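Protein chains in written order, with this note's numbering: chain A, 1 to 198; chain B, 1001 to 1198.
Hints in this document: simulated from the structure, not taken from any laboratory. This structure is a prediction, so every number in the text was calculated from the model and none was measured. Backbone N, C-alpha and C fix where the C-beta goes; we use that ideal spot for every residue, glycine too. Any given hint might turn out to be false.
Claimed, not checked - Not close to chain A: a few residues of chain B, all C-beta gaps over 10 Å, as computed: (1) Leu1141; (2) Ser1171; (3) Ile1193.
As the list claims (entries may be wrong) - Derived lysine to aspartate or glutamate pairs resembling DMTMM-like cross-links, with alpha carbons at most 25 Å apart: (4) Lys23/A to Glu1099/B; (5) Lys1144/B to Glu1086/B; (6) Lys1009/B to Glu45/A.
Said to hold, decoys possible - Cβ-Cβ distance ranges computed for the label pairs, FRET-style: (7) Gly1178/B to Leu79/A: 48 to 58 Å; (8) Glu65/A to Ser1015/B: 14 to 24 Å; (9) Glu121/A to Gly1118/B: 34 to 44 Å.
There are 2 protein chains.
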Amino acid sequence: MLISPKLSKLVESLSRFPGIGKKTAQRMAWFLLSGDQAFALELVETIQSTVQAYQPCSKCLMLSETDPCPICTSKERSLDTLCIVESSADIQIIENMNEYRGQYFVLGHLLSPIDGFGPEEINTDKLRQRVHELNPKELILALKPSAEGEATMHYIWELFKDRPCMITRLSTGLPFGGDLEYSSSNTLKSAWIRRYGV
Amino acid sequence: MLISPKLSKLVESLSRFPGIGKKTAQRMAWFLLSGDQAFALELVETIQSTVQAYQPCSKCLMLSETDPCPICTSKERSLDTLCIVESSADIQIIENMNEYRGQYFVLGHLLSPIDGFGPEEINTDKLRQRVHELNPKELILALKPSAEGEATMHYIWELFKDRPCMITRLSTGLPFGGDLEYSSSNTLKSAWIRRYGV
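Here chain A stands alone, though its shape is the one from the complex (with noise of 0.2 Å):
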């Protein structure tokens, strides 16, 4: 009663955002309902513009507002090395570490068979042209260490291991100011094997 059905398909729409539990979509609900309207109707008009400029570039599947992207048009980087990532999200936390020059390529998903994930979903094709096309000198797999994870790296290593090509992953181990006690034993697991001198 209290919860009108137009209220729950709000919070129901909401909790589908990644990371978005039950209890912040209700926040975030009655904010939108709390605040002055002008905050609603300009969101609304900001994802409606966004959503609309936004597609993937031809060459990586980035999503952009040019097709090809800003990175894939560049002449300020390498072609020598292609970086895999699962989402476009995913590219922008590796620009923000400002270490890497090189070319990206976005998946869209992870491999999950049980999903409904298989090759075709992961975009493999347009990988595969890809590769082709550059032929860097280095594939890096920046894929998350999860089960569907190590399945795609180990799927696309599969791919390219006859290429003359290195193929890296990144390194696993303890986070920076991760305590050894909240660690997983797999997590603890590999930066024991991993260890190196000091």
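Given chain A, put chain B in place with the hints provided.
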């Protein structure tokens, strides 16, 4: 370059929600762009129609699709207690507890003169009117135990201390599942002072 003005405006808008930091807002923005456009358009429509449908109830100021709201018109709820809350969202939380069957009043804000929220902004006149109308036996001040919450409770107590009704507030102490180690000294002190026989 990677973050166009459109996208940064979307991130900025999303991070205005309470509890949504910049990183979560970025993730949400990329999710909107990556998902099928249908989700974004549905969300936009849901926000629009919900925001337009909800207005404050003229009796209790809770946001509602009807005026008076379902709680104020319910015949099954006691008129003997009036629970004063900061926001409509708080009513939802209290209702979920399934413990209270009385009336509510929404202040809209806590007192915080430094931020421009004085007696007028917390709807003092409406509150006074509602208390006189209902003439409740108990006023429950369900406000959070922060500096602003305490100031607001004190202010409301001053307003109604001469009426023949109890004025109560929620208990303070350790949260369930909370470690002593992680409690603030204020919380621990309150739990200590208000300790009770087991």
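The hints, checked one at a time:
no. : hint                              : verdict
1   : Leu1141                           : holds, 20 Å
2   : Ser1171                           : holds, 22 Å
3   : Ile1193                           : holds, 30 Å
4   : Lys23/A to Glu1099/B              : holds, 20 Å
5   : Lys1144/B to Glu1086/B            : holds, 8 Å
6   : Lys1009/B to Glu45/A              : holds, 11 Å
7   : Gly1178/B to Leu79/A: 48 to 58 Å  : holds, 55 Å
8   : Glu65/A to Ser1015/B: 14 to 24 Å  : holds, 21 Å
9   : Glu121/A to Gly1118/B: 34 to 44 Å : violated, 57 Å
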